[in-house]
Amino acid sequence: MSNGTKSVSIAGRIGRALLFFGTVGIVLYLMRPVYTPIIISFLVAYITAPVVDYFESFGVPRVLSVSIIFIIFFVLFTFSMVFLVPVISEEVQGLANSVPQFLKSSDMKLREWLFRLEPNIPGLNAAEVANQVTAKIRDFGGSFLREVPSYIRGLGSIFVLFILVPFITFFFLKDGRPIKRFFVNMVPNRYFEMTLMLLHEITVNLGGYLRGQMIRMVVISFLIWIGLSIINIPYALVLGLFCGVLNIIPFLGPWLGAIPAAIIAVVTGNSIWLVVLVNLVVQVLDMTVATPVTLGRGTQLPALVVVLVVIIGGHLMGIVGMILAIPVTSVIRVTITVVRENLRSYEFT
Amino acid sequence: MQEILKEIPIFSGLEASDYNKIARLAYKRHYRSQEIIFREKHPGAGMYVIQEGMVEIIKGLQSGGRHILVVLGDGDFFGELALLDSEPRSATAVAARPTDIIGIFRPDLMDLVKREPRLGVKILMNMVRFISSRLRKTSLKLLEEGRGLPV
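Here the protein sequences line up with chains A and B, keeping their order. Each residue of the first sequence is one higher than the one before, counting from 1 in the numbering used here. Each residue of the second sequence is one higher than the one before, counting from 1 in the numbering used here.
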């Protein structure tokens, strides 16, 4: 092939590549409004696919297996709306109304302790420390109460969450394999085997991690709720849910989750040590039973990485960023590890 | 595709509906002449069945040359042990001319085994029989050459 012909060939390839990526870019830009429901649907389908497979293993056709899952979701949703949501709403409203009183009472208790400690600790300025701590708690609580509702509103309208997401999830669950095959079939022969194995390993690792975290959240929320109810801490259900969600953050999450319960215990005259005990028992059960069973040990992030990503997440998106930082980092970490190992096995590095 | 699958020992003796299920797992790929299907020492991902065309199984030599172990044609299959594990491929497979190939890969097969245990047991038993038959032939051959231990 002459140099002139080669140049035309290369120019043609570059032109076609630019046209392809340009078209893809425009389509992706125009599809912006549907990203959120698609991502939510994908995650729900990803997490629940093994349950559908389980029903299918008993000879139940896939469409029926998916329908059974939806019926279970509907029953759980109805149960939540009838029994749980009113209780949670009442507790949240009660908590919100009580926050000014709690802050005032906790401020008084804190000043009482600090002034008692002041003579024994040189350099301790009890009033200044009390002002700073109270201001931090007020800021944390205020930003939480502002950011979480706006983030939930940002997920989409009722139509998106209750119509579009179930609709897309149904088809992801029913046709997930053919959809995956469609995209994998487009991969050139040279990368075909590697792509197949890569997708499989990412699915296994990430699916296990996401499901494990969901189960952990539910178990911890339930145990904290039961524990706080036994020691008569008010708003135990909301506090349990709060702890369950924050437990996604390793090392820091359990203690951040325990702070509201501790404050409420102090201002309502209950024992803070019982709250600490309940949290300790739940954390021990989590470390020794729940986490090894649901997550295994391979997905744990180093402590320094946890602290850094939580700080970055908090800086970028506040409370929600802190909570999402760990799952997002774990997803990225698992993907990079799997990709690197496969590239090495197939001698692309 | 069902007719091709019936000729493969691993998928023999199944019901018509079972062949449909396996056919839905398979990928049809087209390889140009001299295009590599898989390389020696790469992790094994699955087996291939030649629908139409010709494939050379080639072993690399330490001297840098290559030795053609076998040439396969329509209906032949290769790489079947990769359905069991990801051990490195023992040779390279190259399309000797434009070839249409059906590929069945381990993750998809194991997924089918989990979803359809009855079918999974049949396939796994076929694989066990196929591998034990190969082992017996290899042992006999080694005995005849005076290299094996009497059983």
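Where hints are given, some of them may not hold.
[As the list claims (entries may be wrong)] With a straight-line Cα cutoff of 30 Å, these simulated DSS-like cross-link-like pairs (lysine-lysine) come out:
hint, chain 1, residue 1, chain 2, residue 2
1, B, Lys6, A, Lys174
2, A, Lys180, B, Lys137
3, B, Lys137, B, Lys6
4, A, Lys180, B, Lys122
5, B, Lys141, B, Lys6
6, A, Lys180, B, Lys114
7, B, Lys114, B, Lys6
8, B, Lys114, B, Lys21
9, B, Lys41, B, Lys137
10, B, Lys122, B, Lys21
11, B, Lys141, B, Lys41
12, A, Lys174, B, Lys141
13, A, Lys174, B, Lys59
14, B, Lys137, B, Lys122
15, A, Lys174, B, Lys21
16, A, Lys180, B, Lys21
17, B, Lys59, B, Lys114
18, A, Lys180, B, Lys141
19, B, Lys6, B, Lys21
20, A, Lys180, B, Lys6
21, A, Lys174, B, Lys122
Since the hints were made in silico from the structure, they are not lab data.
Verification of the supplied hints:
For the suggested pair Lys6(B) and Lys174(A), the alpha carbons sit about 28 Å apart, so the restraint of at most 30 Å is met. A C-alpha spacing of about 40 Å is found between Lys180(A) and Lys137(B), which places the hinted pair above 30 Å, so the restraint is violated. This hinted pair checks out: Lys137(B) and Lys6(B) have alpha carbons roughly 23 Å apart, not beyond 30 Å. This hinted pair checks out: Lys180(A) and Lys122(B) have alpha carbons roughly 26 Å apart, not beyond 30 Å.
With a C-alpha separation of about 28 Å, the suggested pair Lys141(B) and Lys6(B) falls inside the 30 Å cut-off, and the hint holds. For the suggested pair Lys180(A) and Lys114(B), the alpha carbons sit about 18 Å apart, so the restraint of at most 30 Å is met. The suggested pairing of Lys114(B) with Lys6(B) holds, with an alpha-carbon distance near 22 Å, which does not exceed 30 Å. Between Lys114(B) and Lys21(B) the CA atoms are separated by roughly 13 Å; this keeps the pair inside 30 Å, and the hint holds.
Among the hinted pairs, Lys41(B) with Lys137(B) is consistent with the structure: their alpha-carbon atoms are about 25 Å apart, no more than 30 Å. Between Lys122(B) and Lys21(B) the alpha-carbon distance is near 13 Å, which keeps this suggested pair within the 30 Å criterion. For the proposed pair Lys141(B) and Lys41(B), the alpha carbon gap of about 26 Å is at most 30 Å, so the pair holds. For the hint pairing Lys174(A) with Lys141(B), the CA-to-CA distance comes to about 50 Å; that exceeds 30 Å, so the pair is violated.
Under the criterion of a C-alpha separation no larger than 30 Å, the hint pairing Lys174(A) with Lys59(B) is inconsistent with the structure, at around 43 Å. In summary, the hint linking Lys137(B) to Lys122(B) is supported, as the alpha carbons are separated by about 23 Å, within the 30 Å threshold. Between Lys174(A) and Lys21(B) the alpha-carbon distance is near 15 Å, which keeps this suggested pair within the 30 Å criterion. Between the alpha carbons of Lys180(A) and Lys21(B) the distance comes to roughly 16 Å, so the proposed pair stays at or under 30 Å and holds.
Between Lys59(B) and Lys114(B) the CA atoms are separated by roughly 35 Å; this puts the pair beyond 30 Å, and the hint is violated. As the CA atoms of Lys180(A) and Lys141(B) are separated by approximately 44 Å, the hinted pair breaks the 30 Å bound. Of the supplied pair hints, the one linking Lys6(B) and Lys21(B) holds, its CA atoms being roughly 13 Å apart against a limit of 30 Å. With a C-alpha separation of about 26 Å, the suggested pairing of Lys180(A) with Lys6(B) holds against the 30 Å cut-off.
A distance of roughly 26 Å separates the Cα atoms of Lys174(A) and Lys122(B); the hinted pair therefore holds under the 30 Å criterion.
In this structure, the hints that do not hold are numbers 2, 12, 13, 17 and 18, in rising order.
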